[in-house]
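What follows is the residue order along each chain.
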Amino acid sequence: MADLGVVPPIDEMVDGRGGVRAHWRQLLGIMGGMGEGALANRAKRLDRAFEDEGIAGVLPGAKRDAAWRCDPLPMLLPAAEFAALEAGIVQRARLLEAVLADLYGPQDLLSEGLVPPELVFANPGFLRACRSKGAAPVQPLLHLYAVDLVRGPDGYWRVLADRTSAPAGAGMARENRRLLGRVMPEAFRGAQVRSMRPFFDLWQDALQRLAPPEVGDPAVALLTRGTQAPRWFEDMMLSRELSCALVECGDLTVRGGVLYLKTLQGLQRVDVLLSRVDGARLDPLEMSGSATSGVPGLLDAARNGAVRILNAPGAALAEAPALAAFLPALARRLLGEPLALPSVETLWLGTEGAAARIAREDGWLLRRATDGSMPAAAHADATARDAAATPAAFVAARVPPASLVPCVMEGGLEPRPLVLRMFAIFDGSDWRVMPGGLARIGESGPLGGALPPQGLSKDVWVIADEGGDIIGPAPAHLPPLPIRRMHGALPSRVADNLFWLGRYTERLERAARLVRATQTRISRGVVLPREAAEVAALARCLAHAGFTGADEVAGSAAAQGLPSVIALALREDGAVMHLADRIAALTAMVRDRLTADMYATFTLTLRAARAEMQAAGDNLEAISRAMIAVLRFATAVAGVAAESMVRGGAWLFLDLGRRVERAQAIASEVGFALDGPPSRIEGGLRLMLELCDSVITYRSRYLTVLQPAPALDLVLADGSNPRALAFQLEAISRSLSEVATAEDGALPDEAASLLADAEAMVAELVEASDQAIAAAGLPPRLEAMANRIAALSDAVTRRYFALLPAAQTLGLEGAQPALRGAA
Amino acid sequence: MIYRLRHVTTYAYAHSVDLAAHLLLLTPRALPYQNVVRSTLAVTPTPSHVTEAADHFGNAATRIFIDVPHERFEVIAEALVEVRFPDPPSAALTPTWEDVVATAQRSEAAEFTFPSHLAPIVPAATGYAAASFPAGRPVLVGLLELMGRIRRDFTYKPGVTGNHTQVVEVLRDRRGVCQDFAHVMLAGLRGLGLPARYVSGYVRTRPQPGQVARRGADQSHAWVEAWMGEGFGWVGLDPTNDIVTRDEHVVLAWGRDFIDVSPLSGVILGGGDHRLRVGVDLEEAEASASA
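Note that the protein sequences, when read in sequence, are chains Z and R.
The opening residue of the first sequence carries number 1 in our numbering; numbering runs sequentially from there.
The opening residue of the second sequence carries number 1001 in our numbering; numbering runs sequentially from there.
Please keep in mind that the hints were generated in silico from the structure rather than gathered at the bench.
These figures come from a predicted structure and were not determined experimentally.
Among the hints, erroneous ones may be present.
Unchecked claim - To give an idea of the interface, some chain Z residues facing chain R are shown, with a C-beta separation under 10 angstroms as derived from the structure:
| # | residue |
| --- | --- |
| 1 | 108 |
| 2 | 113 |
| 3 | 117 |
| 4 | 129 |
| 5 | 131 |
| 6 | 135 |
| 7 | 139 |
| 8 | 285 |
| 9 | 294 |
| 10 | 304 |
Where is the CB? At the ideal position from N, CA and C, for every residue including glycine.
Put together the whole structure using the sequences plus the hints.
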């Protein structure tokens, strides 16, 4: 036993005599037919596909997030082998459920000595708030279970780690399969690969079944840790796959013992919460911690059966590696069966003689007793010292050398060690195992426990027997859904993000138009006298748009000064680049409201624009090209939004943001353009038409004669011109009427009043004896209008995005002795 | 002894609180030697939702939720409680402390041998307690001596420590209040492997004739219960007053340390700054009240 480490690992594909194992032959045949370099090419395409989907997190502006990659060669499991694993996984899941039900209930296992008290009472995963003495816990505690398996040289699979808290990877497995199917469709031909789709259908059905009994049409939500959390993409994927709302703690509130989602239409009940949040962070009322995380009263609602949290908070207790040492006895005691799928050999060092034994023998790996992560080899010495001091806090495991599986590497196929993560869900009566999984590829050393933020994975194929069991799912018996044409549950937080995505996108577009208008006037290095006033107005517009230094450039120096002002704004810390970054961040946050195509359109065009801006430096021509790329991005967003988004809450707030921003910009910029002596009004009108992209329209209506009233009518009062102020105000008024309830008619009324003002301005101009003088008098009124639009935007934010007052805790804080309730 | 208990907690907020959730451990625990004749909680404003459930330790926990905006929050806990804890066993006849340590892990007291946030196992506390437990000493002899030492070595001084003061600080400065002394004693005992738990409750407000006034009266009080081995059970030890609990204390709840049994905690939305007032009365009830 002591030299277990030198036994060579087995190879999944090749048997000991150099032959290819039977279940791999078909796949290898197909691969062989694909030709030289084909696999490496597919690997690249797979990487690209992950990037485009946003899985790899390469958003423009965002730092290149750590990402998971998928190897084009799948890991294969023959049907019989899967069946054996399936049985073992189901038994283990049942066992862990029984262990949890006891430890969160009567705790007989402690009094019988089958589980040492250290593994419960000294385990941070044991949440006392989830146990009520004398009461049985609400079952099931486990709904989703994952297990990390390793196959040793003897050919047997053994469990490296149990994942019971909020196991990650099921969504990744699904995504691997989907993208592999797209990039390597021929590999699936001929191979009887069991589909994963039925598993997700059953899962969706199971969530409905697990709702509290009295609920008729249960609402399911997936609780994510948020867009900044490492598993955000998977959470989003999973919420789509399972057709449930994607929510954060801040979106939820408990009222009257019931859990609700805060939406634009008010509170909507949530019956089942698939939680991806650590149980200890779910409820600040019950668990000391920050008041800003979690939902006060959530555990109370769950305890009373008003909402079902899956997995139950506290389920992390069953992840303790030390439990592995006791599972065989627990299986006999709780199930009356021997443990079918054993763990890697494990010793809890709190057991008498265990420490002495591992000191005597080689090949033991030390892990923390209650923490599922695997220790890094580099820390082995420190770990050994800690274990000597507090043996009960450690376990020793003998991890066999993991089996090898071929992976596509730089130099061709190379064997790499494999850890297989498999998943099972409980539907209220049965456990179902996903026919597939996530193969994790290691560089060296064992993997197990929490998924790191990056790594190499493989799709896992369960090869069905000939004519085997490719059976569709049992149809879920759901009542027919009532037809809904409403906005559904749009959380206020999401509406807020969409609103600002709309505003920033428009703001970026305005910046590009300003730069282009400026660039054409200064490109010759001198400013023509008749354009001097226009350049001065543009400088004010640029300053208003956040271009640092634009307001200090004046007169004839403009041609020399403005290029560097513009170049500065395009730099990494400049105003325009900053806008692009904000847009990228917001796009990521509303990712779950966009289809894959929309998301790809947004990010690819933004990425291209960003790259052009970075490359432009202070070359005016390159800057001009970059601005065209920016306009292309803005047009793509507008087009996709117009063509692909249902005219509901999400589109409405994206559009509202855009209209508000544009209305405000038109009012400001027209004001700057007209601000000058009446004799120079023509230049101002020309600039105004250009900034409002209305030159062609004007020409088609009035040919070349430029007069104030017709020009201002076109940019201020013409409701048919999508670049006119009136068009924006009408749209704002319409949108606000649509979301407003009876008591808040004030907002659409204000938009309508602004529209009336804009029309009045033009009407007065038509009547004026000297239009030029009247037009030159408009800037103060336009500035006032811009301010009113800004105030309207603030009012929308206050009304719909409900800035809640900060939460605080009472009674347990240390910093405020005045609050102490005890002597 | 029968006591009439009245514990009033009032929060006054600078701004309106829109939503509040509170966890109350203010109902005296029913015990073989503590008969809770009646117990009521009156909350202002009226909660929209109230639930009652035993916590992990078996304490009577009440959770209340308030949906109406309020600038003042008040809880009045009243109870009529009869207490008569039995006299402790003869100290010399209790098991040696090493025997208690050896059997603790397989006992109902196992949980209370492990460190907790405010009663951690730290060398300073373990070393302080060890002086009272030479080899082979009966456990209660050591416990009583340790309690007396804490009473003598530490200065009772309200206002210098807070809810999250760590025992190392208390051991260093040698001053604090009942909560700190209880934590010091717990940390020391757990460092030796002896099970001990934190008890929250009250001590009688006015002394019995011929007795000195107890420290920690007029407010929430805290002390320690230590386990003396199978067949001997728990003994209540009040290191602030150097007395074994018999009929001058009323038990509210127990846990690993203060955090588990804070009488009133909560999460509020809004409120800004706040002022807290706490008033406690534990008076002997008239003979008629016990009838």
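Status of the residue 117 of chain Z interface restraint (C-beta, 10 angstroms, chain R): At about 4 angstroms, which falls below the 10 angstroms cut-off, the nearest Cβ of chain R leaves the hint on residue 117 of chain Z intact, so it holds.
Chain R contact restraint on residue 135 of chain Z - CB to CB distance below 10 angstroms: Interface hint status for residue 135 of chain Z: holds (7 angstroms vs cutoff 10 angstroms).
Interface hint compliance - residue 129 of chain Z to chain R, C-beta minimum distance less than 10 angstroms: Since the shortest Cβ distance to chain R is 7 angstroms, the answer is holds.
Hinted contact residue 113 of chain Z with chain R - closest CB pair below 10 angstroms: 6 angstroms, holds
Restraint check, 10 angstroms cut-off on beta carbons, for residue 304 of chain Z near chain R: 6 angstroms, holds
Hinted contact residue 285 of chain Z with chain R - closest CB pair below 10 angstroms: It holds, given that the least Cβ distance between residue 285 of chain Z and chain R is near 5 angstroms, below 10 angstroms.
Hint check, residue 139 of chain Z versus chain R [nearest Cβ-Cβ separation less than 10 angstroms]: 17 angstroms, violated
Given hint residue 131 of chain Z near chain R, where the shortest CB pair must fall under 10 angstroms: Interface hint status for residue 131 of chain Z: holds (4 angstroms vs cutoff 10 angstroms).
Closest C-beta approach of residue 294 of chain Z to chain R relative to 10 angstroms, hint status: 9 angstroms, holds
Residue hint residue 108 of chain Z, partner chain R, criterion CB-CB below 10 angstroms: Since the shortest Cβ distance to chain R is 13 angstroms, the answer is violated.
Hints 1 and 7, counting from the list given before, are not met by this structure.
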